[in-house]
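*Asks:* Below, each chain spelled out in residue letters.
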Amino acid sequence: MRKLQKIAMVVMLVSLVSCVTTKHTKLTEYPEIYNEKPKTILFIPPVNHTTAANAKDLLRATIAPVLAEKGYYVLPIEPIFDFFKLNGAYSIAETTDKLPLKQFSEMFGADAVLKITIEDWDKNYYVVSGNVEVELLYELISTKSENTIWKRKKKVIVDTSSTSGGGGLAGLAANLVNTAVATASTKYVAVAKEVHIQALADLPKGYHSPLFMKDQAEPVWLDTP
Amino acid sequence: MKTIYLIAVMVAMSACMPAKNMYYWGDYEKSYYNKVKNPGDAANEEHMEVLAKIIEKTEKSTTKRIGPGIFAEYGYNLLLTGKSEEAAAYFAKEQKAFPESDVIVKFIAK
Numbered sequence: 001m002r003k004l005q006k007i008a009m010v011v012m013l014v015s016l017v018s019c020v021t022t023k024h025t026k027l028t029e030y031p032e033i034y035n036e037k038p039k040t041i042l043f044i045p046p047v048n049h050t051t052a053a054n055a056k057d058l059l060r061a062t063i064a065p066v067l068a069e070k071g072y073y074v075l076p077i078e079p080i081f082d083f084f085k086l087n088g089a090y091s092i093a094e095t096t097d098k099l100p101l102k103q104f105s106e107m108f109g110a111d112a113v114l115k116i117t118i119e120d121w122d123k124n125y126y127v128v129s130g131n132v133e134v135e136l137l138y139e140l141i142s143t144k145s146e147n148t149i150w151k152r153k154k155k156v157i158v159d160t161s162s163t164s165g166g167g168g169l170a171g172l173a174a175n176l177v178n179t180a181v182a183t184a185s186t187k188y189v190a191v192a193k194e195v196h197i198q199a200l201a202d203l204p205k206g207y208h209s210p211l212f213m214k215d216q217a218e219p220v221w222l223d224t225p
Numbered sequence: 226m227k228t229i230y231l232i233a234v235m236v237a238m239s240a241c242m243p244a245k246n247m248y249y250w251g252d253y254e255k256s257y258y259n260k261v262k263n264p265g266d267a268a269n270e271e272h273m274e275v276l277a278k279i280i281e282k283t284e285k286s287t288t289k290r291i292g293p294g295i296f297a298e299y300g301y302n303l304l305l306t307g308k309s310e311e312a313a314a315y316f317a318k319e320q321k322a323f324p325e326s327d328v329i330v331k332f333i334a335k
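As given, the protein sequences belong to chains E and F, one line each in that order. For the first sequence, this note's numbering assigns the number 1 to the initial residue and increments by one for each residue that follows. For the second sequence, this note's numbering assigns the number 226 to the initial residue and increments by one for each residue that follows.
Hints are supplied without guarantee of correctness; some may be wrong.
Claimed, not checked - Covered stretches of chain F (chain E as the covering partner; in silico rule of three or more C-beta atoms under 8 Å from a C-beta of chain E): (1) 249-261; (2) 289-300; (3) 321-327.
Quick caveat, the hints were computed from the structure, so don't treat them as lab data. From the three backbone atoms N, C-alpha and C, an ideal C-beta is built for every residue, glycine too.
Kindly produce the complete structure, drawing on both the sequences and the hints.
*Replies:* The following block contains the structure:
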């Protein structure tokens with residue numbers, strides 16, 4: 001019986017340690033986000049450095065569920081994007097380096113702004129199966145301190161023929177069979193969602209997550225540029 | 226004794242598993258993308274149906290929860306079609322479910 005107890009302890013320790021083996025933790029890499037604890041995030045129209053015309057729309061249509069599942073309140077995208085368009089500010093992130101952060105805070109109640117820069121969007125994106133390769137920069141900017149409180153440059157490779165990977169692809173692939181919506185379009189949506197899931201993988205959890213303020217010790221896998 | 230064993234197994238199983246979804250999203254991304262890509266009455270209606278279905282399912286269910294912004298987006302679209310009274314009810318639901326939405330909901334409702 002003693003032996004069993006020991007084995008149990010070892011199993012427990014190994015599984016705990018297996019997730020915490022790196023020096024880079026969420027707390028050491030992103031201390032400011034733990035200080036500020038932003039609740040609400042404003043997603044602004046991305047900056048597109050590529051010729052992929054659909055990229056912005058795809059990222060916009062898929063971001064809210066991914067960020068919300070991280071525990072954040074995503075400010076409703078549709079009314080805000082309508083407002084940007086109506087006021088000639090749809091390209092605001094592309095035309096200025098100095099975002100009106102104070103106004104975002106006062107008008108929308110935004111604690112932080114998520115700005116995505118599309119650096120590379122695979123030309124082979126339009127093939128039906130195979131790998132899709134995109135490179136993006138995600139920046140979370142505080143409207144209070146005006147600092148970047150989390151940042152991630154990520155090259156994401158999505159295997160579009162695979163049914164695994166974050167669940168997003170599998171779920172949407174299953175829908176493919178059952179709907180009349182264009183096959184290709186559905187696949188693009190699934191890819192965009194998978195891109196968000198991978199890029200935001202190490203974003204510290206937000207207020208609504210059961211892991212809020214409990215994930216500081218989790219490792220961060222820094223990308224080699 | 227048995228408890229320790231059980232805890233060990235549970236920790237081992239949960240250690241690196243991805244978390245389950247907190248909210249129910251239905252076909253949200255797909256119909257929203259379609260609306261952005263093919264603007265018009267058909268896509269608008271389809272997206273409203275998807276939102277209505279999410280609201281209905283989460284209100285009936287004890288396990289499925291509604292995500293941030295769904296009530297507000299539904300209310301906003303009602304407002305755009307002149308149904309301001311109905312819209313107000315959904316804005317109130319958003320504020321109740323997510324108190325941090327107060328500023329943005331007031332902005333949208335204006």
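*Asks:* Take the hints in turn and mark each one as holding or not.
*Replies:* Hints versus structure:
1. Figure legend: the stretch 249-261 of chain F, annotated as covered by chain E; annotation consistent (9 residues with Cβ-Cβ distances under 8 Å, at least 3 required).
2. With a cut-off of 8 Å between beta carbons, the stretch 289-300 of chain F has 5 residues touching chain E; three or more are needed, and the interface restraint holds.
3. Counting residues of the stretch 321-327 of chain F whose beta-carbon sits less than 8 Å from any beta-carbon of chain E gives 4, enough to reach three: the coverage restraint holds.
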